[in-house]
Amino acid sequence: MTESVTTQSVVQEITNNLKNKPGALLPILHGIQDALGYIPAESVPEIAKSLSLSRAEVHGVISFYHYFRETPPGKNTVHLCRAESCQSMGGKKLEDYVKNKLGIDFHETTADGKFSLEPVYCLGNCACSPAMQIGKEIYGRVSAESFDETIKELGEIA
Amino acid sequence: MSIKIYVPSDSSSVSLGADKVAASIISEAKKRGIAIELIRNGSWGLYWLEPLVEVSTAQGRVGYGPVKPSDVTSLFDADFINGGTHALSLGLTQEIDYLKKQQRLTFARIGKTDPISLKDYVDNDGYRGLANALSLSQAEIVKAVTDSGLRGRGGAAFPTGIKWNTVLNTPSEQKYIICNADEGDSGTFSDRMVMEGDPFVLIEGMTIAGLAVGATQGYIYLRVEYPHAFEALNAAIDSAYKEDYLGENIKGSNKAFHLEVRLGAGAYVCGEETSLMESLEGKRGLVRFKPPLPAIKGLFGQPTVVNNVISLASVPIILDKGGEHYRDFGLGRSRGTLPIQLAGNIKHAGLIELAFGITLREILYDFGGGSATGRPIRAVQVGGPLGSYMPESQFDTPLDYEAFAAIWAVLGHGGIVVFDDTVDMAEMAKYSLEFCAIESCGKCTPCRIGSTRGYEVMDDIINGRDLDKNIPLLRDLCDTLLNGSLCALGGMTPYPVLSALNHFPEDFGINEKAGA
Numbered sequence: 001m002t003e004s005v006t007t008q009s010v011v012q013e014i015t016n017n018l019k020n021k022p023g024a025l026l027p028i029l030h031g032i033q034d035a036l037g038y039i040p041a042e043s044v045p046e047i048a049k050s051l052s053l054s055r056a057e058v059h060g061v062i063s064f065y066h067y068f069r070e071t072p073p074g075k076n077t078v079h080l081c082r083a084e085s086c087q088s089m090g091g092k093k094l095e096d097y098v099k100n101k102l103g104i105d106f107h108e109t110t111a112d113g114k115f116s117l118e119p120v121y122c123l124g125n126c127a128c129s130p131a132m133q134i135g136k137e138i139y140g141r142v143s144a145e146s147f148d149e150t151i152k153e154l155g156e157i158a
Numbered sequence: 001m002s003i004k005i006y007v008p009s010d011s012s013s014v015s016l017g018a019d020k021v022a023a024s025i026i027s028e029a030k031k032r033g034i035a036i037e038l039i040r041n042g043s044w045g046l047y048w049l050e051p052l053v054e055v056s057t058a059q060g061r062v063g064y065g066p067v068k069p070s071d072v073t074s075l076f077d078a079d080f081i082n083g084g085t086h087a088l089s090l091g092l093t094q095e096i097d098y099l100k101k102q103q104r105l106t107f108a109r110i111g112k113t114d115p116i117s118l119k120d121y122v123d124n125d126g127y128r129g130l131a132n133a134l135s136l137s138q139a140e141i142v143k144a145v146t147d148s149g150l151r152g153r154g155g156a157a158f159p160t161g162i163k164w165n166t167v168l169n170t171p172s173e174q175k176y177i178i179c180n181a182d183e184g185d186s187g188t189f190s191d192r193m194v195m196e197g198d199p200f201v202l203i204e205g206m207t208i209a210g211l212a213v214g215a216t217q218g219y220i221y222l223r224v225e226y227p228h229a230f231e232a233l234n235a236a237i238d239s240a241y242k243e244d245y246l247g248e249n250i251k252g253s254n255k256a257f258h259l260e261v262r263l264g265a266g267a268y269v270c271g272e273e274t275s276l277m278e279s280l281e282g283k284r285g286l287v288r289f290k291p292p293l294p295a296i297k298g299l300f301g302q303p304t305v306v307n308n309v310i311s312l313a314s315v316p317i318i319l320d321k322g323g324e325h326y327r328d329f330g331l332g333r334s335r336g337t338l339p340i341q342l343a344g345n346i347k348h349a350g351l352i353e354l355a356f357g358i359t360l361r362e363i364l365y366d367f368g369g370g371s372a373t374g375r376p377i378r379a380v381q382v383g384g385p386l387g388s389y390m391p392e393s394q395f396d397t398p399l400d401y402e403a404f405a406a407i408w409a410v411l412g413h414g415g416i417v418v419f420d421d422t423v424d425m426a427e428m429a430k431y432s433l434e435f436c437a438i439e440s441c442g443k444c445t446p447c448r449i450g451s452t453r454g455y456e457v458m459d460d461i462i463n464g465r466d467l468d469k470n471i472p473l474l475r476d477l478c479d480t481l482l483n484g485s486l487c488a489l490g491g492m493t494p495y496p497v498l499s500a501l502n503h504f505p506e507d508f509g510i511n512e513k514a515g516a
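Those protein sequences? They're chains A and B, same order as listed.
Just so we're aligned, residue 1 is where the first sequence starts under this note's numbering, counting upward by one.
Just so we're aligned, residue 1 is where the second sequence starts under this note's numbering, counting upward by one.
Next comes chain B alone, as it looks inside the complex (with noise of 0.2 Å):
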């Protein structure tokens, strides 16, 4: 039997070498006549391993890390394929510290198996949610997402449950499921893991979403600067397809659903959800009033279930072990795991799923380990570039959807960015709406005009100009983005901007009485 070598085929591994490392030992097995079976699994997401080979042994899979070209021949020689020690060696990849005190449900398989086989997804207890969805009347699919607890791992964290029975509810011929995969904010990469490392998963969720509310129509709009995920997403669809788990009667039920990705373009803005469907419709990303609800009048004028990839990733295991299994991780009313994204300046940059919970401090420090740099941690910001900077006095905030809006900040999709004391915010707090300018869709005043004027007032307040007038003016331009916009874009693009203002007012040339 050949010797099963794992190298992962995680977009970001391969940014760090993975294709190199995988042909270099491919060829030096070759030329030692080893025979040797290669395997391109998903990451487990301990990045700062990465490129992370694993060697199947007897005891189980045997980890190294991070691992170069140059560094092939001296595994060989250190006789890796057996689990021989090299300078590299993890040990068992399943005691890494970082891993073994993870609760991975949602993540359960990747990094464990080849992504793009159906078989090693039904061998590892995939489709069985599936199996379970098949013999529930739609309601009662509805019911186990509901009674799960899952809320929208998007950002907005709307209980799924509750949307899913609207559109349920909602009488016509054709409805639709989205999956938006949008996934546009810094700092978060868990869609991204879950479509390259685990696209089945995916897959199964927005079938079980198609039979639950009765749509056979799926999409998955994908932003264009994930193509690893554009192709893992379509080889799976096709395998799907080949074995009856899409199409016109899913495993001899009678019950059709077809699924097709769709590529977005570079547009922050459709990440939100009415301005995503104007672009699967085929225009420009403008952002629809709201009422009428998606779950209504959604694409193409039908009822429409739009939900992230993290939510529907999520469903298949709330459908093989019931809703109560996954609320009871968690706490308060934020039930079930949130994969978390640590990311910037960070040692330990990865992806961490546990029950909510965890204080920021516990996963900056004990997962992360502190900065890259060395240097100390001055802040953090919580929810992609519409969420708040966090201060070390904030830092032992639970990750709870609550506990973050009690001290105005956001979870939103658990991406977290580590800045040293390197960072000047007054930059970050200008950035921000430097980044609301340019991706406005254009459709709301306060968004489009506020977002430029608060550009210049801020490279007002960094030049030192005026700070009596510009501060409070800042403020008040900042009061009218958060009440008067259409959508989160201009709605919570002061949350960076006043937070950074607030908590760290020596950046904006004033002094902590001053800035109150």
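Next up, chain A with everything else stripped away, as it sits in the complex (with noise of 0.2 Å):
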């Protein structure tokens, strides 16, 4: 099976799945970006068809929303909070360091596909400033040192 006659399928089945829902458009988005790790192109005019949308209404949602993306993200999306609380505690410091250290600006994706970065504007974990978020793990009071003990970790398993 290639790639697309997956992620084809994939959407058809997420999109069949929710299409009823009232205001279905963004659990599906979810749905998509959750199995695929993005929305991919192809996929619009297939959640377009199902929902009596045009194409443009659906990519501009997509595009309205930060946490959809379009494009494939790296094995690791690194969320740094950029937020008034992180800062407090050195937040630009780190995501400098960060910045640095991955070798990439926010919204890009390093090299080796590895580590895409993100900026995120709070986590809820404001007590415990600066943090990040990879994943669904929540990291506090992230330092240059635990910031690299956590990525090489996720290196070295990715």
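In short, the hints are calculated from the structure, not lab data.
Fair warning: this is a prediction, and the values are worked out from it, not measured in the lab.
For glycine and all other residues, C-beta sits at the position ideal for the given N, C-alpha and C.
Honestly, I wouldn't trust all of these hints.
Said to hold, decoys possible - Just a few of them, taken from the derived set where beta-carbon distance is under 7 Å, the chain A residues facing chain B:
#1 His30
#2 Gly124
#3 Asn125
Build the complex: two chains, separate frames, hints provided.
Here it is, written out as structure tokens:
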């Protein structure tokens, strides 16, 4: 089975399961991104058709929300908090360190495909700033050292 | 009987290693042949002590913290399972000053119970509010909430009872209850703690709201950044359905209420109620014009209650103990309690639920113990990224909606972010405008264009270019945002920007006189 056939069947299944929910578009987009890591451009016509929307409307929703992405992410996506509480605890310095360490800016992926870096505006972990999230894991009081340790572990298993 | 040991499942505790500590305790107990029951409770909100491990003893629960996995062996050696003394001993948790001085109503169970155990919830006064509500008329439920003086805890502080009354009196086949769980403000985490630490209290509050106004469907619009809350809520909703606390026939009353969690997708503006409803309908989160009010024409055009997590989670105790009981806390027009979230550069960060009226200074120093870095506290931002920066001269302001409004500050959702004297307030003002530009929905011009233009002007100011021209320009721009924006995002971004400029003009390269 080719990759695009797999994508198509995943998109079809998710769309069929969820399309009758009121306001189904966001749940469908979440379903696809959870399954594939991103929302491929070729899934847009399928989603549009099943919800009786135009392709432009679907694309408009995908592009409105920061969380939805249209390109494949790295194996691990680092969501680094940029908000005020993290800034008060050295978040900017950490941000510079992380970008330098990974050699990428926000919204980019490392050349080896292991890490993507995304900004996030608050993880609700403000009592333990600075904070980041990788996958579903949340990390508190992140320092340059603890960041190194974390990505070393993830880099090895990624 | 096996020994009960508590390790929080709260995501902040987990972010500090609570899962690893729990695993170490289980394996060490097994190795030593000691029978334990490990319970993953909510967090008490004493975050500088997390992971905070507790053991149940005859005297009460004894705490140890902050515990690292490497401390577990020595804890067992010190006989902590019987409350033995260890370097990390905290004594009885309930006797810890920070906790003892609080007035916990909404947070009464959080820390104490297993969040996703319905039995724990019911055994600890849960669902008593719903039982009362089922015996009351719709108008009586709304009256109890109105009498309590509860105002929306999301930030806007609109009286909850009045909102409910409008929905009750708007006839429609279908009405909705929406819980706004898009807690995007930096420095706030009380919603998250409720959803992770006591999800049933939110479910109960929403069910009561549904009964009160005649809505049979509820949605919790949860931000995607809260995966732990998503899991806890769904687990609790499943149990509630199984035990008929949700569904077609709630506890044999012939009344229905259904509940579903929907995830946002990283848009801050979706915390604005009309944008949130657009998002729930599957659209771009563009802010709607008001009127019509959501209470009259809301989700899918139907009458809709939109309340914040803390507002809804405060409803069960109001229905359990009566509106008067809740109203007796607080002062002036700010009734009841506020779960204050103390965060940022502070020694003792955490959750402090207290009646309105305590001063900022008491929170910062008596509870918070000063800055984490040990340097002087220079500024605090209260009320999230759209709240004013407050200088030391304002620290004696009591936490009260009107007292804050009087000095052009915002109490909002009760989040306090602390900065020490290394903060550059011009950079913070620039960041506020950048944030507004990134998160603007784009519908209204002042917010969409003004934020980017403001960011550029701040860049010039920081680089010392043409201050005589650019400072008035920044003020003029803020005036446009303040008065011309469609919602609070553009409308309140001037609060952090102008408060930084007014209270800390030296950071903008001007002396106080020029800034006035």
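Results for each hint:
1. For the restraint placing His30 of chain A at the interface with chain B, the shortest Cβ-Cβ distance is roughly 6 Å, inside the 7 Å limit, so the hint holds.
2. Proximity of Gly124 of chain A to chain B holds as hinted, the smallest CB-CB distance being about 4 Å (cut-off 7 Å).
3. Here the hint on Asn125 of chain A is kept, as its CB sits about 5 Å from the closest CB of chain B, short of 7 Å.
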